[in-house]
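Novice: For the protein sequence lines, the chains are A and B, in the order given.
For the first sequence, the positions run 1 to 113 when the working numbering is used.
For the second sequence, the positions run 114 to 227 when the working numbering is used.
Don't read these hints as lab results, they were simulated from the structure.
All C-beta atoms in this analysis are idealised placements derived from N, C-alpha and C, irrespective of residue type, glycine included.
Treat the hints with caution; some may be incorrect.
One side of the interface only, derived from the structure: several residues of chain B facing chain A at Cβ under 10 Å [what the hints assert, rightly or not]:
#1 T126
#2 G129
#3 Q154
#4 V156
#5 V160
#6 F178
#7 G215
#8 G219
#9 R223
#10 T225
In silico EDC-like pairs for lysine to aspartate or glutamate, Cα to Cα no more than 16 Å straight-line [as the list claims (entries may be wrong)]:
#11 B:K155 - A:D8
#12 A:K49 - B:E166
#13 B:K196 - B:E166
#14 A:K42 - B:D175
#15 B:K155 - B:D184
#16 A:K42 - A:D8
#17 B:K155 - B:E209
#18 B:K191 - B:E209
#19 B:K155 - A:E88
#20 B:K196 - B:E114
#21 A:K69 - A:E88
#22 A:K105 - B:E131
#23 A:K49 - A:E66
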Amino acid sequence: AQSVTQLDSHVSVSEGTPVLLRCNYSSSYSPSLFWYVQHPNKGLQLLLKYTSAATLVKGINGFEAEFKKSETSFHLTKPSAHMSDAAEYFCVVRNSGNTPLVFGKGTRLSVIA
Amino acid sequence: EPEVTQTPSHQVTQMGQEVILRCVPISNHLYFYWYRQILGQKVEFLVSFYNNEISEKSEIFDDQFSVERPDGSNFTLKIRSTKLEDSAMYFCASSEQGSNYGYTFGSGTRLTVV
């Protein structure tokens with residue numbers, strides 16, 4: 001069975017400082033991994049995805065994530081936080097094939113001016 | 114950029130009533146999905162739909178739920194007799210090829226059952 005653990009329910013950073021949102025996954029196969037962002041009263045927007053190509057994946061808005069198979073991790077990072085980054089972030093796993101997405105519980109990112 | 118469109122954005126209904134949530138997927142996408150998020154909980158898979166039939170469904174998707182693609186553009190989720198616990202944000206998504214591709218999600222419909 002596949003599962004996702006987002007280690008922090010809430011992360012607070014100052015504007016201009018680095019962001020680290022942690023995610024560990026469990027999967028029986030070579031998984032596809034995604035990060036989605038949800039701004040208040042908005043839908044789920046795809047930030048980036050890993051699908052067995054390069055292990056360092058670059059996404060939109062300066063975010064990136066590194067797939068580490070040995071650590072079963074897919075942490076999301078950004079060098080410098082912006083106020084507009086404040087949102088809920090979801091780490092998502094999917095086994096290869098046409099199986100449904102499995103979401104983590106989400107991490108709420110607050111950015112302090 | 115192509116979008117998945119969901120209507121209405123918010124619906125309030127009385128317990129026991131039928132509701133239909135509507136979605137317009139991206140036009141060249143072939144796989145369609147419904148997920149829901151109860152307030153404060155995880156986003157959960159409900160159902161996937163391909164080639165005019167359900168390809169997979171979760172335990173949540175019981176006989177009270179149904180999906181339909183009535184024409185070439187709409188994809189609907191019907192809840193036959195709503196319960197209080199059906200209150201949630203319902204997300205529609207579509208995907209071009211299904212496997213290994215990120216889905217495009219709609220903005221969601223917030224369903225409130227009173």
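Novice: Decide, hint by hint, whether the structure agrees.
Specialist: Going through the hints against the structure:
no. : hint            : in the structure
1   : T126            : violated, 20 Å
2   : G129            : violated, 28 Å
3   : Q154            : holds, 8 Å
4   : V156            : holds, 4 Å
5   : V160            : holds, 9 Å
6   : F178            : violated, 15 Å
7   : G215            : holds, 4 Å
8   : G219            : holds, 5 Å
9   : R223            : holds, 9 Å
10  : T225            : violated, 14 Å
11  : B:K155 - A:D8   : holds, 14 Å
12  : A:K49 - B:E166  : violated, 27 Å
13  : B:K196 - B:E166 : violated, 25 Å
14  : A:K42 - B:D175  : violated, 27 Å
15  : B:K155 - B:D184 : violated, 31 Å
16  : A:K42 - A:D8    : violated, 22 Å
17  : B:K155 - B:E209 : violated, 24 Å
18  : B:K191 - B:E209 : violated, 24 Å
19  : B:K155 - A:E88  : holds, 12 Å
20  : B:K196 - B:E114 : violated, 36 Å
21  : A:K69 - A:E88   : violated, 25 Å
22  : A:K105 - B:E131 : violated, 29 Å
23  : A:K49 - A:E66   : holds, 10 Å
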